[in-house]
Amino acid sequence: MAVAQQKTLAMNGDEAVALAVKQSDVDVVAAYPITPQTIIVERLSEYVANGEVETEFVCTESEHSALTACLAASATGARTFTASASAGLALMHEILYVTSGCRAPVVMAIANRALSAPINIHCDHSDSMVERDSCWIQIYAENSQETYDSMIQSFRIAEHLQVLLPVMVCLDAFVLSHTLENVQILADETVRKFVGVRQFPLVMGHEGKEVPFKLDPNNPITMGPLDLHDYYFEHKRQQEEAMKIAPRIIKEIHEEFSRISGRKYGNGLIEAYRLEDADIATVCVGSTAGTTKTVVDHLRTKGTKAGLLRLRTFRPLPLTEIMGALENVKALAIMDRSNSFGGSGGPIYHEIRHSMYDAPTHPHIVNYIYGLGGRDMPPTTILNIYKDLQEILQTKKVKRDVQFAGVRQ
Amino acid sequence: MNKTLKGWKDIPIAGVCWKPATQYLTGDWKTFKPIHDAEKCTKCLLCPMICPDSAIKWNQTNEEIEFDYDFCKGCGICANECPADAIKMVREGGE
Ligand code: SF4
Ligand code: SF4
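The listed protein sequences derive, respectively, from chains A and B.
Remember, my numbering sits 43 above the position in the first sequence when you count from 1.
Remember, my numbering sits 161 above the position in the second sequence when you count from 1.
Hints should not be assumed to be uniformly reliable.
Subject to a maximum C-alpha distance of 25 Å in a straight line, what follows is the list of computed SDA-like cross-link-like pairs (lysine to any residue) [to be verified]:
id, chain 1, residue 1, chain 2, residue 2
1, B, 180, A, 302
2, A, 252, B, 174
3, A, 440, A, 371
4, B, 167, A, 275
5, A, 65, A, 302
Think of the hints as simulated: they come from the structure by calculation, not from any bench.
Isolated chain A, as found in the complex:
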């Protein structure tokens, strides 16, 4: 398949999300606006008002209701989308679990924003990281282009018959959501063909026959009813299995999309940047990876063997890939844009350190909590982290395993 014709548009991350939804033949959008996701909802309601899409747009009174409406629509077989951030996502918390438990392939964009209090509308990952156990696939984009591409891939991933899990596409507040960038856009027909029409597996219903997995009065089924100590655990085990299968499917769909777009983000799960011979490396998610790459390039010109591992998916966590990519690294800094208060470090640190327990050789690992509430992460701060790593490499000692980069003393 040849790379499809594309045009370049100047757009911010939110607009890129809205355009991807417009092109992906979405049946129902139910949403409640919250900064910095508002532009997504505004654009989508404009598309609907202008008659540019056939999407049913439901304005709800809260995020709790927005996700509930998406879940219900998805259960009837509709392709559904919503967007949220921060307090809005926190209000959805209960329904996040209901959505994944009902195996409803809802796709949601999260414009990652700090959680109150104090009130802050800027970027950090506290809102989505706290939902890492809700059985939603999480994709963290580095730039608006990747946001657009990931959105289109997400409908396919979520609706894949072996996965059937909701997907969050996370984009950094303002850094991506509101910053103009050149984005390569596929033609409407190309995207529509790529996402295709939603398919349904067959399930055994209560009338004793196999029926499509959707709410349909002609073939009635019940989803997610009371499930006590006899079967609840088995249903949760099924969800874990879907998460285990997901990495392969995410890679396949990423690969298939790269053939029409000409764009790749590592293998779809992780992106190893100049890691092959790296002695020191950082690990992060989101837009900070872009800044870090320029720092790595700079260090490389000075002869320092520096590298970066960017996680594109945090759920599922690609354990084997992570271990493989970090195999030869001797000093490693994990960068977390959220903190697990009282838990000694951030969530990415906990999990990477956990991944490395089974690795044949153990690098020195240090954690940097950074950028909370939108605190800028300039190249100088990142450079200092690599300097710390060089010191660790020489002294073979980690002075403090959890540090705060960019906070005033």
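Once you've looked at the hints, dock chain B with the ligands against the given chain A.
Below, chain B with the ligands alone, put in the same frame as chain A:
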């Protein structure tokens, strides 16, 4: 583990019910069960109406009310409401 229960690979996803509710017996969690006293019963048929689990039926053959212990959860509402005091609750297995 109970051998009659299916494993995770053999059940539908998302808690989809693969059999009707009439085949899912919910009466096994009761501590007390209702016992009917036909002598006292005036056959007013209040209890079949108020049982929250529809576990009391009118048996047309012998013209008596009858408990379906597979679905009776032992809440005691029938015993409490019976105007003729014709239902008493006894501990399961303690009769
Ligand atoms: S004890 Fe409760 S559930 Fe059982 S028959 Fe009486 S009213 Fe119905
Ligand atoms: S409520 Fe009492 S008297 Fe009336 S039918 Fe039931 S058991 Fe008999």
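Original post:
Taken at face value, is the distance from the CA of residue 302 of chain A to the CA of residue 65 of chain A at most 25 Å?
Top reply: holds (21 Å)
Original post:
Taken at face value, is the distance from the CA of residue 371 of chain A to the CA of residue 440 of chain A at most 25 Å?
Top reply: At roughly 18 Å apart (the allowed maximum being 25 Å), residue 371 of chain A and residue 440 of chain A satisfy the hint.
**OP:** Given the hint that residue 252 of chain A pairs with residue 174 of chain B, test it: the Cα-Cα distance must not exceed 25 Å.
**Re:** holds (15 Å)
Subject >> Hint consistency between residue 167 of chain B and residue 275 of chain A [alpha-carbon to alpha-carbon, up to 25 Å] >> reply: Given pair residue 167 of chain B, residue 275 of chain A holds - Cα atoms ~12 Å apart, limit 25 Å.
Subject >> Hinted pair residue 180 of chain B and residue 302 of chain A, Cα distance within 25 Å >> reply: violated (45 Å)
Violation of the numbered hints given earlier is confined to hint 1; every other hint is satisfied by the structure.
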